[in-house]
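Peer 1: The residues making up each chain are set out below.
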Amino acid sequence: MSKEIIKIENLKREFIMGTETVHALKGISFTIKEGEFVTIMGSSGSGKSTLLNILGCLDQPSFGTFEIDGLIVKDLSRNESATIRNEKIGFIFQSYNLLSRTSALENVELPLLYNCKISSQERRKRAIESLKMVGLADRMDHTPSQLSGGQQQRVAIARSLINNPVMILADEATGNLDTRTSYEIMSVLQDLNKQGITIIFVTHEPDIASFSNRTIMLRDGNIIDDYINTNIRSAKDRLAKLPKQED
Amino acid sequence: MRLLNLLKIAFKAIVLNKMRTLLTMLGIIIGVASVITMLAIGEGSKESIRTAISSLGSNIIAIKPGADVRGGVRRSRTEMESLTLKDYEAIKEKATLLTYITPVVDGGGQVINGSNNWPTSIIGVNSDYLNIKVWELNNGSMFTDIDVKSAAKVAVIGKTIVENIFPDGTNPVGEMIRFNNIPFLVIGVLAEKGENTGGQDQDDIFIAPYTTVQKRILAIDHLMEITGSAVSEAEAQNAVDEVGEILRSQHQLIDNEEDDFHVRSMDELITTFSSTSEMLTLLLVAVASISLLIGGIGIMNIMYISVKERTKEIGLRMAIGAKGSDILLQFLIESILISITGGLLGVILGMGATFFIETFFHWPTYIALYSIIISFAVCVITGIFFGWYPARKASALDPITALRYE
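So the sequences go chain by chain: B and U.
Residues 1 to 247 (my numbering) make up the first sequence, in order.
Residues 1 to 406 (my numbering) make up the second sequence, in order.
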């Protein structure tokens, strides 16, 4: 019944390194429906970064089809893929990638600066809304250096939300954070997912995968497992159970 | 809309990196300021050289009788009486390229004051003569048009005559002297000129109204020469042609008849003048281009480093949807903004420095509008030119590599 946002069929990605051809993805297929919270897991070299780049329209498949929100991503020009990234995808990175010495609000507004269909009033309004959704309404004027790691990542989440993307693509988004903050971020993402936002989370931590409702396991460029998580943990509960921080 | 957004982004990047921006601008600021100051000094010197050369009479036009052939015999110019006051009046009325013009008659004789005497030549002219020769009076005044009309017996004399007939140092102005027994009242003394390029003593001169000289000394009614000054050195040759036309119609010469006069300009002086000012201009342009080139390379350096330093930021911008052209424009706008601001500050600094030099060193300076416009335009163009390469490099980055860049 829900719309299929991502449709991948027999997707292959090959890199030519000198005389050798490296098969990073060896023909994988899966679909992701609207409203899912999927984790893509795998150790390094499993092809998850390659998959992430393709999902994020930063890279294109060598063979097979990849559809995002009904658009077939194949042989797109740099400008066409930039427009898809700008309108369909929200990125969250391990190292936040916020602009330094720039307020949270302006950081969140950034993607819309590259979309000339949106007026500056609309941009400001949406940025404020996004920051409210991640609970940073009172930190709008703070620059990244005045924010903790968790808060910075929440600004990054707000930034990924501002263009109303069809999915949020998170790349090891908790990799730089301690357990408590990781859980905070996961609880923000779980809340957003409950509001219907599709999230694809690439990670190598099994702990994180338990917060999602589906896990795709990759190894050596193949999917070795793709299962629905029946026992979704609540990040909020886990957070409550952690020993109180002493400060 | 898109440009406005990119302008905002570029402006933000500049403001966030004040120190870097200032250092980048410094090259342009110093470049533009030094160009303006140097051009101002150069123009000032050019102006004083122009005045110096002009004072040699580089724009003088001399009209003499000539080429008069009677029965196959060419006659010397002094024998000919083909230049008349009517010619002078016609030229004075019709010529548009002459500033001053005077009839000239001359003759030799003895100047006497009491027991002192000195052989010299008398030259009869009108009151324009000193302006044509660019000579100045040391003492007293030049005779006027009224003196000319009334053929007054007044004289302006040079320093050599003063020294020889007033050996005791009396002020000659107001004294009566005689030239060939005709009494003259000395009304002015010329400033010392020394010898001219031909080795003639220019201070050995006795100037009187041409009417006086014609009637009382030479007893003639034709002119020996007509001398004028062209509006500028550049127009000298045109003035020569114009005067030729006027005289031909005045003398009613038909198509293939030879001129019965000569019109000459000071070719050698004019050549010196124009080659000097060309050299100066070339020198200034060379210095200016080097300064601006260095400023431009400064921009390229910093923009290049800036692109390297912000690789990760560029990766992020691309990941969230910036197109290659967005990145290109952002960096290009940055370098243009830097060069425009630097250029403006440079203009202000340059004008300040020029003022300082003029006030404290008393050098002649002149800020030409063209120097401001050119240096400003060149600095903006260098900004675009040298900003292009790093901007191009930034826009061609692969977002995946850029995002992982540490």
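These are computed hints drawn from the structure, not numbers from a lab.
Keep in mind that a hint or two might mislead.
[Unchecked claim] Non-contacting residues of chain B with respect to chain U, defined by C-beta distances greater than 12 Å in every case (computed): (1) Ala82; (2) Lys88; (3) Asn97; (4) Gly196.
[As the list claims (entries may be wrong)] Here are the computed distance ranges between Cβ atoms for each label pair: (5) B:Arg180 to U:Leu293: 22 to 30 Å; (6) U:Phe385 to B:Ser77: 41 to 49 Å; (7) U:Ile384 to B:Glu14: 20 to 28 Å; (8) B:Phe63 to U:Glu309: 55 to 63 Å; (9) B:Phe63 to U:Leu23: 47 to 55 Å; (10) U:Tyr370 to B:Ser77: 44 to 52 Å; (11) U:Leu26 to B:Glu14: 48 to 56 Å; (12) B:Glu14 to U:Glu309: 48 to 56 Å; (13) U:Arg392 to B:Lys236: 32 to 40 Å; (14) U:Thr401 to B:Ser62: 12 to 20 Å; (15) U:Tyr405 to B:Gly135: 28 to 36 Å.
[What the hints assert, rightly or not] Derived list of chain U stretches under chain B, where covered just means 3 residues or more per stretch with a C-beta under 8 Å from a C-beta of chain B: (16) 60-66; (17) 381-393.
Just so we're clear, the structure is a prediction, and the values are computed from it rather than from any experiment.
Glycine included, every Cβ here is placed at the ideal spot set by N, Cα and C.
Peer 1: All hints, please: hold or fail.
Peer 2: Verification of the supplied hints:
no., hint, verdict
1, Ala82, "4 Å, violated"
2, Lys88, "9 Å, violated"
3, Asn97, "4 Å, violated"
4, Gly196, "22 Å, holds"
5, B:Arg180 to U:Leu293: 22 to 30 Å, "58 Å, violated"
6, U:Phe385 to B:Ser77: 41 to 49 Å, "27 Å, violated"
7, U:Ile384 to B:Glu14: 20 to 28 Å, "41 Å, violated"
8, B:Phe63 to U:Glu309: 55 to 63 Å, "38 Å, violated"
9, B:Phe63 to U:Leu23: 47 to 55 Å, "50 Å, holds"
10, U:Tyr370 to B:Ser77: 44 to 52 Å, "46 Å, holds"
11, U:Leu26 to B:Glu14: 48 to 56 Å, "50 Å, holds"
12, B:Glu14 to U:Glu309: 48 to 56 Å, "33 Å, violated"
13, U:Arg392 to B:Lys236: 32 to 40 Å, "49 Å, violated"
14, U:Thr401 to B:Ser62: 12 to 20 Å, "18 Å, holds"
15, U:Tyr405 to B:Gly135: 28 to 36 Å, "31 Å, holds"
16, 60-66, "violated (count 0)"
17, 381-393, "violated (count 0)"
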